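K.L.:
Top to bottom, those sequences are chains A and B. If you're matching positions, the first sequence starts at 1 in our numbering and goes up one per residue. If you're matching positions, the second sequence starts at 1 in our numbering and goes up one per residue.
To be clear, the hints were calculated from the coordinates, so they are not data collected in a lab. Some hints could be false.
Where chains are identical, the list cannot tell them apart; a pair therefore holds if satisfied intra-copy or between any two copies.
Unchecked claim - The calculated lysine to any residue pairs, modelled on SDA-like cross-linking and capped at a C-alpha distance of 25 Å, are:
{"id": "1", "residue 1": "K92", "residue 2": "R115"}
{"id": "2", "residue 1": "K75", "residue 2": "L39"}
{"id": "3", "residue 1": "K92", "residue 2": "Q9"}
{"id": "4", "residue 1": "K110", "residue 2": "G97"}
{"id": "5", "residue 1": "K110", "residue 2": "N129"}
{"id": "6", "residue 1": "K75", "residue 2": "E24"}
{"id": "7", "residue 1": "K92", "residue 2": "A149"}
From a predicted model like this one, the values you see are computed outputs, not experimental measurements.
Protein chains: 2
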Amino acid sequence: MMYLEDMRQGDRAMLGPVQVTREEALDFARKYDPQPFHLDDAAAAAHPFFGRLSISGWQTCALAMRMMVQEMQQKGMQSLGSPGIDSIRWRKPVYPGDSLTLEVETLEVKRSASRPEMGSARRRYVCRNQDGVDVMTMEGVVLYATRPAGGS
Amino acid sequence: MMYLEDMRQGDRAMLGPVQVTREEALDFARKYDPQPFHLDDAAAAAHPFFGRLSISGWQTCALAMRMMVQEMQQKGMQSLGSPGIDSIRWRKPVYPGDSLTLEVETLEVKRSASRPEMGSARRRYVCRNQDGVDVMTMEGVVLYATRPAGGS
Numbered sequence: 001m002m003y004l005e006d007m008r009q010g011d012r013a014m015l016g017p018v019q020v021t022r023e024e025a026l027d028f029a030r031k032y033d034p035q036p037f038h039l040d041d042a043a044a045a046a047h048p049f050f051g052r053l054s055i056s057g058w059q060t061c062a063l064a065m066r067m068m069v070q071e072m073q074q075k076g077m078q079s080l081g082s083p084g085i086d087s088i089r090w091r092k093p094v095y096p097g098d099s100l101t102l103e104v105e106t107l108e109v110k111r112s113a114s115r116p117e118m119g120s121a122r123r124r125y126v127c128r129n130q131d132g133v134d135v136m137t138m139e140g141v142v143l144y145a146t147r148p149a150g151g152s
Numbered sequence: 001m002m003y004l005e006d007m008r009q010g011d012r013a014m015l016g017p018v019q020v021t022r023e024e025a026l027d028f029a030r031k032y033d034p035q036p037f038h039l040d041d042a043a044a045a046a047h048p049f050f051g052r053l054s055i056s057g058w059q060t061c062a063l064a065m066r067m068m069v070q071e072m073q074q075k076g077m078q079s080l081g082s083p084g085i086d087s088i089r090w091r092k093p094v095y096p097g098d099s100l101t102l103e104v105e106t107l108e109v110k111r112s113a114s115r116p117e118m119g120s121a122r123r124r125y126v127c128r129n130q131d132g133v134d135v136m137t138m139e140g141v142v143l144y145a146t147r148p149a150g151g152s
């Protein structure tokens, strides 16, 4: 089991890949983001940037989250959740069938002054497609438990 | 049809409500955010903040997006998508069955210098539960088409 003390500024991880099918993209868009360019090929083709049917930016965030949980499972980490995100940039469209990876870098690790049983890590994320193009970048904070007193 | 020119700084809208069932919360968590406190009642009960099974913060964002699209449909607006988000704060847990509303305020409206056929609005969002508690706040930018020359 890893704790806050096991995280270091400068730590990097390469995660993924993950994909979504066209059916999963349409299912997400119907439920949460039913804008024409996420649902309809002709509307997407007419859009000034997308060119063809692209997935919701929120689904890209959700797929990034899936890769972050994959990292936790691989390393035996458990987060306590996140207070928030300071920046998301949807830089390029993500299309159904794209294969996404996530590069994570730990920018800062801080024990909580008021709650010594936990602390936070500020992390930067770069999500890329199969051509190595940055499709989304993100920066946010994740909470982790500190090592219990007397624990190993 | 509304265009960028129809948006004003200070515009406000109250959107929603939307809900998710426990099954929808579990389905989202299994696909995108399979952390124990989003999947398992006992793990959620042991968590320092959540108390009981809470939905993924990314599902709260997705539900906020659903309300933003509801606003577009009501007003005859179409966005061209979003370049990004500058802040998300997950302030309180959201539980399956919660009834969420979204208050939107337009902070700034700007025509693009390089692409006069479009412009952007900076908007602030407050997502509340049925008890009026702010569960998430968010600020971001949305792109809109400008009124076509000669159009009405």
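K.L.:
Evaluate each hint against the coordinates.
P.N.:
Hints, one by one, checked against the model:
{"no.": "1", "hint": "K92 with R115", "result": "between (39 Å within a copy, 17 Å between copies)"}
{"no.": "2", "hint": "K75 with L39", "result": "between (37 Å within a copy, 20 Å between copies)"}
{"no.": "3", "hint": "K92 with Q9", "result": "neither (28 Å within a copy, 28 Å between copies)"}
{"no.": "4", "hint": "K110 with G97", "result": "neither (38 Å within a copy, 35 Å between copies)"}
{"no.": "5", "hint": "K110 with N129", "result": "neither (31 Å within a copy, 31 Å between copies)"}
{"no.": "6", "hint": "K75 with E24", "result": "neither (28 Å within a copy, 28 Å between copies)"}
{"no.": "7", "hint": "K92 with A149", "result": "neither (46 Å within a copy, 28 Å between copies)"}
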